[in-house]
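Protein chains in written order, with my numbering: chain A, 1 to 267; chain B, 1 to 313.
Quick caveat, the hints were computed from the structure, so don't treat them as lab data.
Just so you know, not all the hints are guaranteed correct.
[What the hints assert, rightly or not] Cβ pair distances, simulated, as ranges: (1) B/T127 / A/N242: 26 to 36 Å; (2) B/N95 / A/A39: 27 to 37 Å; (3) B/N95 / A/E175: 47 to 57 Å; (4) B/E116 / A/A56: 53 to 63 Å.
[As the list claims (entries may be wrong)] In silico contact screen, one side only, chain B against chain A (beta carbon under 8 Å); selected entries: (5) G32; (6) E36; (7) Y37; (8) M56; (9) P60; (10) N65; (11) S72; (12) Q212; (13) P216; (14) N283.
[As the list claims (entries may be wrong)] Simulated coverage check for chain B against chain A, where a stretch passes if three residues somewhere in it have a Cβ under 8 Å from a Cβ of chain A: (15) 219-226; (16) 269-280.
Where is the CB? At the ideal position from N, CA and C, for every residue including glycine.
In case you want the letters, here they are:
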Amino acid sequence: MPTATPAQHTLHHTGSIVEVQQLAPLIWAHRCHIPEIAASVHPGQFVHMRITEGSAPLLRRPFSVLDANPRDGTFRILFKVVGVGTQIMTGFRAGDPVDMLGPLGSAFNVPRANKRLLMIAGGIGMVPLYFLAKKLFESRRGIEVDYWFGARDAEEIYLLDDLRQWCNTVVPVSEDAGFEKRGRVTDFANEWGSPNLVLTCGPTAMLREVQRITRDMNFPVYGALESFMGCGLGACLGCVLNTTDAGYERVCTEGPVFDLHRLELGP
Amino acid sequence: MTAAAATCVDLSVKLGSLRLKNPVTVASGTFGYGTEYAHVFDSTLLGGVFLKALTMNPRPGNPPNRICETSSGMLNSIGLQNVGIDRFFSEKEPNCQRIASAGVTIFANLAGQTIEEFEQLIDHLETTTAVHAYELNVSCPNVNKGGCQFGQDQTLLRELVIATRKLTQRPIIVKLSPQVTDIAAMGVLCERAGADALSLINTFPAMAIDAQSRRPVLNTIAGGLSGPAIKPIALRMVYQTAQAVSIPIIGMGGIMNATDAIEFLLAGASAISSGTANFVNPNAPVEILRGLEAYCIEHCVDRVEQLIGGLQV
C-alpha cells in the first residue's frame, strides 16, 4: 500500500492561529500561519475551515480571506459571530492548530483598462473588497477606488483607516446615526459616480439592489457570493446558485466571484 | 506504519465476482466522478469509487438551499443533479478509466425513473471498461418520481433487479432505503431477484426549520439526513440484513473514521463507504484505510476479510 500522499495534492493544509483580534462586539479577525495559502490566495477566494475535531458543528465553514502576507506566511480571516461555529471560533487562541482547505474558488479580476472602481460592501462583505483594495494599491496600477461600506450599526464598520490609505474615497453608511450618511448603501446610488467596474459583496438583499441599480446604470458588476457549503471542492453540489445562462453553478468552484448580472438572486 | 508491516495484512475483500484491493470506498454523490478530490489526496488509493448518480438526460437538480447542518449530521437535497449519460462519456469517463487502471473498482450509480431508463443506462455503460459494477439507486429521497418508489415497492424493486440482472455480466448492487419497515426483508427480496450485493443505507428523509424566519431551511422542505447522527441506525440495519442474506453488503451511514469502519465490518459489511466524512475531512478515506490496517496489525488479523461478520454476540 502506498504510504505517502503525493506532494502535488496541495489544497489541504494544517497550520496554526498566530493572532486573535476582536474588532467589534461580534467581529473577529484571526491571523493564521499557513504559508502555502498566504503565498497563493487572491482577493475573493476563501478557505474552508474545520471548526472542531468532533461533530458539533460537523461541516467545515467557508471564510473569505481579509489579507495575506506571503513574506511571513500568514493571512487573516474575518468573521461575525452568527452561530455555533463562529461562537466556538471566538475561543481560539494564538498557537491553536487549524485545518483548512484553500485557497478555493474564483478571485476578483480587474482588467488593465479599468482605472475607476466602485466597491460596494455590506457588513462582513467588506472582507474580499478590503483585500482587493489593498492589493490594487500595492500594485501601483494607478487605479482609483471608491469604497462604500454599509452596515446596520456604526460599530459594524471597522478598518476604515486601512481603507483610507488605499482608496480614493471611503464612505461609511449605517442605518443608525453613527456616520454622516445614514441609511443603506444602495440609497446613495446617485452619488456613485461613473465607475468602469463595480465590485460588491454583502447580504443577498443588498446584492439584489446592487444588481438592479447597476443594470439600470449599465455598469458591469462582479460580486462575491456566499452559500451553505459542503465539501468546498465541487463534489457535493450543495452550494449552487442559479444563473440566467448556465443553470446552477457552484459557489465553491465557479464562484464565489460571479458576474452579478448572470445570477438569479430571487425576488 | 512501516513498509514491512504494510505487507503483512491482506486488505483485499471479495464483493461478489469482484475483488476490491481494500474495503474502503466513497459513497455516491460525495465524490463526484473522481476528479474533484485530486488536489487533496490520491484517489487511486481507494478500494472503490461510487460515482455520482447518472440519469439518461442531464438533470439540473433542486433549487438552493440544498444543504444544511443539523445535530451531528447534515441534510442534503441535491436532486440528482448530473450531466447525463452523453456528457459522462465525453467529460468524465476518461478520468474513471484512469482511476480504474490503477486498480480501483468503479461503481456506476444509476438513478433511472423507470425500469427502461435503468436498462438504457446499463446498455450505454456496458461499452466502457471504466465501470466494473452497477449500483441501482432506488432510495434517493430527493426526487419526486422514481428513486424511492422502487426502494419501497417490493413488486417494482423485484422487477427492476430481474430486468437489469439479465443485461450484464457485471455485478448488480441495490442501494437500499432505510425508509422501510423491514430492511432485511428488502435485502432478501433483492437477493432472490438476482442482486449480487447490497449497499446500505441511503439517507433518511428529514427536515430543518429556521425558527427566526419560520421557514424550512431547505428549498424542498425535506432532504436526506446523513453523518454521525445516523450511524447507530445504519449499523443495526447492516447487522440485521447481514443476518438475513448471503450476498455481500457495502455498509455506510455516518462512518467518520477507522473505528466506525471496523464496526460496520464486524456487523457484517464486506466493504464500507465514507460519505459525509469526505466533506468534513477530505482525507478521511485514506485515514480510514490506514487505521484499518493498523487495527489489523494490532489485533493480529492477517486478512481484513476475517473481520467481516466477526461480531461476538
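Here's how the hints hold up against the structure:
1. B/T127 / A/N242: 26 to 36 Å: Roughly 34 Å apart at Cβ, these two residues keep to the hinted range, so it holds.
2. B/N95 / A/A39: 27 to 37 Å: Since B/N95 and A/A39 have Cβ atoms about 28 Å apart, the given range 27 to 37 Å holds.
3. B/N95 / A/E175: 47 to 57 Å: With Cβ atoms ~50 Å apart, the hint holds.
4. B/E116 / A/A56: 53 to 63 Å: violated, 45 Å
5. G32: holds, 4 Å
6. E36: Since the shortest Cβ distance to chain A is 4 Å, the answer is holds.
7. Y37: Holds, about 6 Å.
8. M56: violated, 18 Å
9. P60: holds, 5 Å
10. N65: holds, 6 Å
11. S72: holds, 4 Å
12. Q212: Violated: closest Cβ of chain A sits about 11 Å from B/Q212, beyond 8 Å.
13. P216: violated, 13 Å
14. N283: holds, 6 Å
15. 219-226: That given contact is violated, which follows from only 0 residues of the stretch 219-226 of chain B lying within Cβ reach (below 8 Å) of chain A.
16. 269-280: holds (count 4)
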